[in-house]
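Chemist: Chain residues, written in single-letter form:
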Amino acid sequence: MTINTKRVMKNAWRITRDRNLTCLRIRVPGGYLPVKLLPLIQEIAERFGNGAVHITTRQGFEIPGIAFEHMTEINALLTPLIEELEVKIGVTIDQPDQGYPSAGTRNVVACIGNKVCTNAVFDTTALAKDIEKIIYPNNPHVKIAVTGCPNDCVKVHMHDIGILGQVEPLYDAQRCIGCQACINNCHKVSTGALTLVNYKVKRDASRCIGCGECVLKCPTAAWTRGGKYYRVVIMGRTGKKNPRVAATFLEWAEREVVLKLCANLYVYIDKHIDRSLPKEHVGYIVDRTGYPIFKEEMLKNVDLGSKAQLASILNFAGPMYDNHVSFLNT
Amino acid sequence: MGYKYTAAAFNQLLENLRKKHRVYAPILLKGKGKFSDADLVGYDEIARVEEVVFNQKSYFSPKETFYPITQTLFYFAGDEFKESVVDEKGIIVFLRACDIQAVERLDKIMLENGLSPDYYYERLRKHLKFIVMDCQESFDSCFCVSMGTNTTKNYSASVRYENGLYLSDVKIDIDGLFALYGEQFEVSPQFVETNKQMVQVPQNLNLESVAINPIWEEYGARCIACGRCTVVCPSCSCYTMQDIFYEDNPKCGERRRVWASCHIDGFTDMAGGHSFRRTNGERMRFKVMHKINDFKQRFGVHMCVGCGRCDNACPEYISLAHCIDRLGKEEVGNCG
Ligand code: SF4
Ligand code: SF4
Ligand code: SF4
Ligand code: SF4
Ligand code: SF4
Numbered sequence: 001m002t003i004n005t006k007r008v009m010k011n012a013w014r015i016t017r018d019r020n021l022t023c024l025r026i027r028v029p030g031g032y033l034p035v036k037l038l039p040l041i042q043e044i045a046e047r048f049g050n051g052a053v054h055i056t057t058r059q060g061f062e063i064p065g066i067a068f069e070h071m072t073e074i075n076a077l078l079t080p081l082i083e084e085l086e087v088k089i090g091v092t093i094d095q096p097d098q099g100y101p102s103a104g105t106r107n108v109v110a111c112i113g114n115k116v117c118t119n120a121v122f123d124t125t126a127l128a129k130d131i132e133k134i135i136y137p138n139n140p141h142v143k144i145a146v147t148g149c150p151n152d153c154v155k156v157h158m159h160d161i162g163i164l165g166q167v168e169p170l171y172d173a174q175r176c177i178g179c180q181a182c183i184n185n186c187h188k189v190s191t192g193a194l195t196l197v198n199y200k201v202k203r204d205a206s207r208c209i210g211c212g213e214c215v216l217k218c219p220t221a222a223w224t225r226g227g228k229y230y231r232v233v234i235m236g237r238t239g240k241k242n243p244r245v246a247a248t249f250l251e252w253a254e255r256e257v258v259l260k261l262c263a264n265l266y267v268y269i270d271k272h273i274d275r276s277l278p279k280e281h282v283g284y285i286v287d288r289t290g291y292p293i294f295k296e297e298m299l300k301n302v303d304l305g306s307k308a309q310l311a312s313i314l315n316f317a318g319p320m321y322d323n324h325v326s327f328l329n330t
Numbered sequence: 001m002g003y004k005y006t007a008a009a010f011n012q013l014l015e016n017l018r019k020k021h022r023v024y025a026p027i028l029l030k031g032k033g034k035f036s037d038a039d040l041v042g043y044d045e046i047a048r049v050e051e052v053v054f055n056q057k058s059y060f061s062p063k064e065t066f067y068p069i070t071q072t073l074f075y076f077a078g079d080e081f082k083e084s085v086v087d088e089k090g091i092i093v094f095l096r097a098c099d100i101q102a103v104e105r106l107d108k109i110m111l112e113n114g115l116s117p118d119y120y121y122e123r124l125r126k127h128l129k130f131i132v133m134d135c136q137e138s139f140d141s142c143f144c145v146s147m148g149t150n151t152t153k154n155y156s157a158s159v160r161y162e163n164g165l166y167l168s169d170v171k172i173d174i175d176g177l178f179a180l181y182g183e184q185f186e187v188s189p190q191f192v193e194t195n196k197q198m199v200q201v202p203q204n205l206n207l208e209s210v211a212i213n214p215i216w217e218e219y220g221a222r223c224i225a226c227g228r229c230t231v232v233c234p235s236c237s238c239y240t241m242q243d244i245f246y247e248d249n250p251k252c253g254e255r256r257r258v259w260a261s262c263h264i265d266g267f268t269d270m271a272g273g274h275s276f277r278r279t280n281g282e283r284m285r286f287k288v289m290h291k292i293n294d295f296k297q298r299f300g301v302h303m304c305v306g307c308g309r310c311d312n313a314c315p316e317y318i319s320l321a322h323c324i325d326r327l328g329k330e331e332v333g334n335c336g
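The listed protein sequences derive, respectively, from chains A and B.
Counted from 1, the first sequence has number 279 at position 279 by our numbering; the numbering is strictly sequential.
Counted from 1, the second sequence has number 177 at position 177 by our numbering; the numbering is strictly sequential.
Note that these hints are calculated values from the structure, not bench results.
Some clues are possibly wrong.
Some chain B residues judged to face chain A by a derived CB distance under 7 Å, without partners named [to be verified]:
{"no.": "1", "residue": "242"}
{"no.": "2", "residue": "259"}
{"no.": "3", "residue": "290"}
Covered stretches of chain A (in silico footprint by chain B; criterion: 3 or more residues with CB under 8 Å from a CB of chain B, positions within the stretch not fixed) [said to hold, decoys possible]:
{"no.": "4", "segment": "53-60"}
{"no.": "5", "segment": "124-137"}
{"no.": "6", "segment": "155-163"}
{"no.": "7", "segment": "203-217"}
{"no.": "8", "segment": "240-247"}
C-beta atoms are modelled at their ideal positions from N, C-alpha and C, and glycine is treated no differently.
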């Protein structure tokens with residue numbers, strides 16, 4: 001059997017432990033799937049695979065147990081799925097009947113957002129799709145995730161770029177009855193940004209993370225929702241070397257800024273990636289170039305606006321596996 | 001006398017009413033819902049009749065237009081004080097039949113309870129004029145028919161939107177403007193005669209057995225004491241006083257009156273740390289009894305007008321209508 005593994009993998013098929021079998025990876029941008037596409041996934045799994053799918057952590061499907069010889073036929077079968085989930089949202093795919101054009105840049109995942117969740121600050125699926133449009137198809141190994149509020153149900157802090165919704169709470173003192181529900185709740189579940197002064201509420205903007213809990217708890221709508229903004233956290237990762245939680249890069253950034261950053265990331269990667277390696281994960285590129293260069297290139301042609309706050313340093317936390325001092329004396 | 005108006009004619013009427021009045025109506029407050037990308041129907045001043053939301057019930061009641069959530073009563077400096085000034089303009093409010101009946105309930109507690117009328121309530125209330133919005137259909141949570149509050153004759157004018165026209169029955173024309181801009185037309189206001197939920201209102205609750213009824217424990221376990229049910233209620237009247245001493249000069253300050261809620265912590269707190277109703281179940285019992293028993297004993301009508309706003313607002317899905325119905329059915333059951 002002869003197989004161009006690089007081409008196969010780029011086409012979203014996997015090399016698996018069974019030499020004769022491959023596995024197809026289907027991406028679902030934002031994790032929101034019109035169920036009319038499920039029968040097609042079922043059909044592929046039943047006709048060509050082993051009748052099961054694996055639901056991936058990146059909100060896609062892997063269909064295992066497929067013989068390599070069926071790849072071309074299945075790629076053609078996938079056309080309606082690629083049309084609906086990619087082409088229709090504006091992703092440029094020249095030959096949608098030939099399967100996925102790339103697999104390095106991973107599916108953009110999102111929490112359910114304000115379709116359902118009461119906490120959500122915005123429509124996460126819509127933003128995930130707009131990001132997909134900018135970054136796909138692309139080869140660099142990049143993981144981006146979108147979450148509706150600082151609860152971070154999607155764990156954007158383990159991504160190269162993580163986006164968390166922020167809302168600016170607006171206060172109308174005239175409507176406030178001083179019940180302190182907002183104050184108590186901000187203390188209990190968030191940052192304690194609110195205090196009672198003369199029976200009315202003061203917000204310390206430097207502590208507020210824009211979770212919107214005050215708005216949710218206020219019985220009189222003294223707190224209401226102002227503008228939507230985004231916290232952008234970067235270079236979180238898992239992996240064998242140095243897993244770590246992402247650090248805040250920007251907060252109170254506007255939507256346009258977020259989209260521009262996603263585009264600029266690819267320019268930065270292209271310029272600095274170590275081409276002697278089979279692949280280099282972007283977080284390690286940033287480790288090499290340093291934050292100042294990264295920052296400068298990410299912010300090229302970006303108008304941060306008046307609200308956005310830019311991190312002066314990246315404050316990472318995470319172990320180095322090869323430097324685990326706690327094992328040394330045992 | 002009945003009139004019909006095109007939108008343009010009604011807007012001219014409004015423009016002229018607004019010279020001497022503030023005109024309030026339920027409007028769509030864009031993005032003001034508690035969840036993101038959600039709107040809220042609440043009260044604000046209007047300039048055009050197209051702003052008025054006819055096909056939904058307002059989340060907040062019209063009460064805030066003449067009984068402000070926060071109101072400065074007077075300012076003090078040393079031994080002197082100066083009363084706050086109120087706008088001398090009239091207040092015209094678009095509201096429903098049940099809401100007008102709720103204002104009548106507020107009047108009872110604020111004007112007829114005690115030795116003298118509540119001065120600060122009265123000084124705004126006397127400027128108030130009603131435009132009743134017809135109810136052609138009952139909304140989901142309404143139970144006005146069971147409370148006997150589905151109709152009213154107490155209004156300056158009625159209004160409903162029908163086939164592109166605004167139809168008004170005018171009882172007391174305001175400055176002759178309704179006649180000036182309207183075209184005569186036979187109109188009688190429409191009120192609902194049945195609700196989707198009919199409620200068995202208890203007639204004569206036995207206080208001792210109500211006090212030990214296990215339902216309060218159940219409600220107590222569900223209620224989170226957020227106070228939403230009371231702040232959206234058109235007939236809740238409770239307030240608290242706040243004395244503010246200005247930071248720069250604590251000798252000067254102001255006294256404010258602010259809405260309060262019997263459901264929220266601190267309502268019955270007294271000096272020395274004593275508090276009457278500590279549990280949420282006790283508070284629920286107090287509210288329910290006030291709404292459908294105690295008030296009637298004193299004033300002859302129930303305080304609750306069955307607008308259903310408390311049902312819509314409760315984050316724990318506690319339904320007052322259902323609670324009243326339970327008590328009513330238990331009463332009938334006990335008697336029979
Ligand atoms: S991250 Fe926030 S918005 Fe998203 S599902 Fe979790 S709580 Fe809801
Ligand atoms: S948005 Fe969140 S952090 Fe900010 S004041 Fe409100 S509850 Fe506190
Ligand atoms: S929850 Fe609303 S009414 Fe209560 S103190 Fe906060 S702002 Fe005021
Ligand atoms: S139904 Fe609820 S909100 Fe309406 S008057 Fe009765 S207690 Fe108040
Ligand atoms: S709205 Fe519901 S949870 Fe809140 S105080 Fe009223 S009954 Fe309790």
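Chemist: All the hints need checking, so say for each whether the structure fits it.
Modeler: Hint-by-hint comparison with the structure:
Look at residue 242 of chain B: its Cβ gets to within about 4 Å of chain A, closer than 7 Å, so that hint holds up. Residue-level restraint check for residue 259 of chain B holds (minimum Cβ-Cβ distance to chain A is 5 Å; threshold 7 Å). Here the hint on residue 290 of chain B is broken, as its CB sits about 18 Å from the closest CB of chain A, past 7 Å. Only when three residues or more bring their CB closer than 8 Å to a CB of chain B does the claim for the segment 53-60 of chain A stand; here the count is 0, and the claim is violated.
For the segment 124-137 of chain A, the stated coverage by chain B is violated: 0 residues have a C-beta nearer than 8 Å to a C-beta of that chain, whereas at least 3 were required. Under a criterion of three residues with beta carbons nearer than 8 Å to beta carbons of chain B, the stated coverage of the segment 155-163 of chain A fails, only 0 such residues being counted. Check on the segment 203-217 of chain A: 4 of its residues sit with their Cβ under 8 Å from a Cβ of chain B, so the three-residue criterion for coverage holds. Residue count for the segment 240-247 of chain A with a Cβ under 8 Å from a Cβ of chain B: 0. That is fewer than the three needed, and the coverage hint is violated.
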